[in-house]
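Q: Those protein sequences? They're chains R and A, same order as listed.
Counting from 1, position 305 in the first sequence corresponds to residue 305 in full-length UniProt numbering; the numbering is continuous, with no gaps.
Counting from 1, position 307 in the second sequence corresponds to residue 307 in full-length UniProt numbering; the numbering is continuous, with no gaps.
No lab work stands behind these hints, which were simulated from the structure alone.
Watch out, some of these pointers could steer you wrong.
Among chain R residues calculated to face chain A with C-beta under 7 Å, some are [to be verified]:
(1) 427
(2) 492
(3) 493
Here are the simulated SDA-like pairs of lysine to any residue, each with C-alpha atoms no more than 20 Å apart in a straight line [to be verified]:
(4) R:255 with A:424
(5) R:486 with A:424
(6) R:144 with R:186
(7) R:491 with A:395
(8) A:515 with A:424
We treat Cβ as the ideally placed atom computed from N, Cα and C, and that holds for glycine.
2 protein chains.
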Amino acid sequence: MMRQRRAIALLRAALQHHPCISHTLPANPVPGIRLLSSQTGGRKENHGTRWQQTLGGIAAVSAVSLGAGCLSATAESSNKEAVFTKGDVSKHQTPEQRVWVTYKDGVYDITDFVEMHPGGSSLIMMAAGGAVDPFWQMYQQHLKDEVRTMLKPYRIGRLADYKGPERKDPAEDPWKNEPARHPALVARSNNPCNAETPGPVVAANLITSNDIFYVRNHLPVPPEPKDPARWQLSVGGEEARSTSLTLEDLKTKFKKTTVTAAVECAGNRRNEMKTVKPVRGLDWDTGAIGNANWSGVKLRDVLLHAGVDPDVCDSLDGPRHVHFLGADSDPLTGNVYAASIPIELAMASNKDVLLAYEMNGEPLSRDHGAPLRVVVPGVVGARSVKWVTQIVTSREESDSHWQQHDYKGFSPSVDWNNVDWSSAPAIQEAPVTSAITAPSANTQVEQGTTTIPVRGYAWSGGGRDIVRVDVSADGGATWQGTQLHKVPGQKPGRAWAWTLWEAEVILPTPPADSKGPQQVCLVCKATDASYNTQPDSVAGVWNLRGVVNNAWHRVGISVGN
Amino acid sequence: MMRQRRAIALLRAALQHHPCISHTLPANPVPGIRLLSSQTGGRKENHGTRWQQTLGGIAAVSAVSLGAGCLSATAESSNKEAVFTKGDVSKHQTPEQRVWVTYKDGVYDITDFVEMHPGGSSLIMMAAGGAVDPFWQMYQQHLKDEVRTMLKPYRIGRLADYKGPERKDPAEDPWKNEPARHPALVARSNNPCNAETPGPVVAANLITSNDIFYVRNHLPVPPEPKDPARWQLSVGGEEARSTSLTLEDLKTKFKKTTVTAAVECAGNRRNEMKTVKPVRGLDWDTGAIGNANWSGVKLRDVLLHAGVDPDVCDSLDGPRHVHFLGADSDPLTGNVYAASIPIELAMASNKDVLLAYEMNGEPLSRDHGAPLRVVVPGVVGARSVKWVTQIVTSREESDSHWQQHDYKGFSPSVDWNNVDWSSAPAIQEAPVTSAITAPSANTQVEQGTTTIPVRGYAWSGGGRDIVRVDVSADGGATWQGTQLHKVPGQKPGRAWAWTLWEAEVILPTPPADSKGPQQVCLVCKATDASYNTQPDSVAGVWNLRGVVNNAWHRVGISVGN
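Chain R with its partners taken away, still in its complex shape:
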């Protein structure tokens, strides 16, 4: 524990954690990372990490950039392997010493993996010189074969004096107070809870009911305020007056506003990306999106109440960002979830950014941010901070892990070896997307079926309405129209809600001499009010974190036996 506390003290300022990573790989696991004895790959990218450059000559190269064919033999567990003591391991806590960790009885040199850790290098460094086991118990998305597979290539030996897992004190379990969840939700990780609305249900109604609305938590759900009357939101920052507001203040001193808005996780549809190349992140299908009536007060009104200049956006040296800090904190570092949005968005009277205390007419549930959350319409869910307790204006963007080292998009050519997080802006507005929610993939329909009902959702960021959804029953060679269903009363340029769509799709006529079931590839693509249309292929928008996948959505079904 001394070692852990020292690491915490040293790293607290910089530490950020992103527990959404599930290291999901294809069904036939491809080791994501292997240690090679020399630099590999035809052309050397000029973005090696500082440590790789310092260490010189030894580079960890991911399967992403090499292709499976390039992988050389790797060190793996064997009977002849080296044996180390805990004392040996504890001497390897810095890149200069090389970074060793243990997992169960294995000893691993992870020096070259540290900078590639999806949750950030700071967090994995907390385990340097010791066991990762207690951390994996804390961040349980690690407890899967894929993660163990990724660790394997770094194995350098065996722990001499391994005595089995240490007992946990149940009182210290940060997950012990998680709320109950609807059994229909499809879990993508348990602790933290990440669970999506099941496919057949996701677009069944224009409004998603609270109990099956997808849950995307980065950290343990914070406890409910012991005395709700004393709960406070703090507002302040640059060119703002420090102000505290109770929930009662928010409900009585400000106008109540209801906005119908979809909220979509930037990682929605990530599972399609791994068909191109491995990505790291929760294995979301199409259900990390929902549409609800959010009620609360306009963020603009609260900022004006705190003395923010209504013309702040025209100021040359005023604050440029509004930060949101949640009450959900990292059990080890104490860091809370945080994100920011541009002040133009926060202050615009027509952007409808809300501090919401109700979801579909009910007080927010614990999983959805009780007692107060941010809802930033038209923007990826990562900025709609739940359990918000602090709002801060600033000239700088949030420096949180989720703003600076995650939720950014890159070219398909960028991998974990050459990623420069500062080179891409934090994702705010979402691109146009759509998905088929029925029929499900691999549905079999009877021989002789000529048409089938197909339905789904479509949505675009920035309040850009969906003007059209096209569907295809031949993989995109020809297209058919769909009927759109919209939430009534949305204002021009403020189409925050999703659009549902359906069509009775005409299936292609099977060739006269065909035998066996006919394979049909259903496809949908949406066009929004700016005439942006979804890209055709996942490969073109593939990115190492698997975010904002908005390629045409494809569902394969078969007709006949």
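Once you've looked at the hints, dock chain A against the given chain R.
A: Frame of chain R, contents of chain A only:
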């Protein structure tokens, strides 16, 4: 002339003209329209025009929906054809009588083409019962083989008493006052003038110089005001005070604002669409875009001056649109070019809609709208009305041809037989796009060349900045990064200017056993601030008018001999 005048009187209210149509077809002309003796095509679309439904059983079906293989034999000129007099022809002026026209000595039954006329049915009906020749002289984009090829299938006979073309009175030539143009501009039609910036020049500088900025005119360039001091802009409409402003008023009573903004024709890159299926429109390559410093006054300020309520956008029953009417009028109908934008855009202080009197520091030239034009940043060029003389607030959108029957996008499944213009919104904001401007297509580089410089432009509508441009030298299988060049000082969310980009692109290594020149497919694609990325294929965004083509841009070059 009596007949023409009668037609004008009857149709004036509805008449609109769109002379941008060049009926461009592939190099091997495919007749766009053929008259068939019965309805054809597997599945009948439910959108037949009113006349087709009235006439029943006889449908004109375009090659687009049928494919060349479905075309049946068509009536064409032969020695045995019927002979008609001008008197016979004059009895066919309505759909009930069937609509006949003559072109030179040919007689044509165009009843089934009328509704498919890209310039609108009203205009072609002016020639009903008589010769199209004088109209084609007026709208000279018809004077090309493709248009004659389209007419051919409708031929039903020969004119008995044809005496050759009538003499034109040069004094009546509406094109006699066109301004001189830079010889480097690449003409896509002469009268009206439509000419683009040549490829190698288009992205050579962040600011496009006035003389090579693309020209997109729908009608003859209006004469310069005889007495510039007496020129007036009229402002009025619903919930606005009727107001007249001289140019001096605009320059002295309002704050002068300069905005750097790209203006792009919605038809830019149309020429790629015809590789999928024929489209109708000017055959623009990548040069119907330019970027300039526009100076003038904010439309918002002028509307406020005319008494428009600053909170008009929140009004439940106030005006919803702002119309712009140009001084450029149709020589026959007198109709002027007109378009409208949503009032939210017009009134937003951060949308920077300008009434511009200067372009790059010089008074507007005649081709670019002298003395005053609208510049709607982030929106397709069709709404940036040149030679603007009237601004009108209204609850209704402009009913002009260019707002209601053109500059709209449809699914690839929609063709001229089933298009329902009212089913799609008028294009306003443009989608994200980019193009390679160097090297040119078919460039040959020396054997052994391993890298080549590639450059171009990228732009997105709505003020969404370009965050990345990727290039590929293998048709999009792998991608390389580019360096972006931006106009400095653009405000957040108001990136109206284009972004130029360049890269030294690594060419693929030719196979060891390759012979002859190596074919290389260069590709570019851009991503904007909403993480919208260009679609992969032109086929997916193909639409019958060939607008907003923003697919990946591809340029084929070869290495070696």
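Q: A separate judgement is required for each hint: does it hold in the structure or not?
A: Checked hints:
At its closest, the beta carbon of residue 427 of chain R sits 6 Å from a beta carbon of chain A; the interface hint therefore holds under the 7 Å criterion. The closest approach between the C-beta of residue 492 of chain R and any C-beta of chain A is roughly 5 Å, which is under the 7 Å cut-off, so the hint is satisfied. The closest approach between the C-beta of residue 493 of chain R and any C-beta of chain A is roughly 5 Å, which is under the 7 Å cut-off, so the hint is satisfied. At roughly 36 Å between alpha-carbon atoms, residue 255 of chain R and residue 424 of chain A are farther apart than 20 Å, so this suggested pair is violated.
Note on residue 486 of chain R and residue 424 of chain A: the hinted pairing holds, with a Cα-Cα distance of about 15 Å set against a maximum of 20 Å. At most 20 Å may separate the alpha-carbon atoms for a hinted pair to count; residue 144 of chain R and residue 186 of chain R meet this at roughly 17 Å. A threshold of 20 Å between alpha carbons decides the hint, and for residue 491 of chain R with residue 395 of chain A the separation of about 15 Å falls inside it, so the pair holds. Of the pairs offered as hints, the one joining residue 515 of chain A and residue 424 of chain A is violated, with about 50 Å between alpha carbons and a cut-off of 20 Å exceeded.
Hints 4 and 8, counting from the list given before, are not met by this structure.
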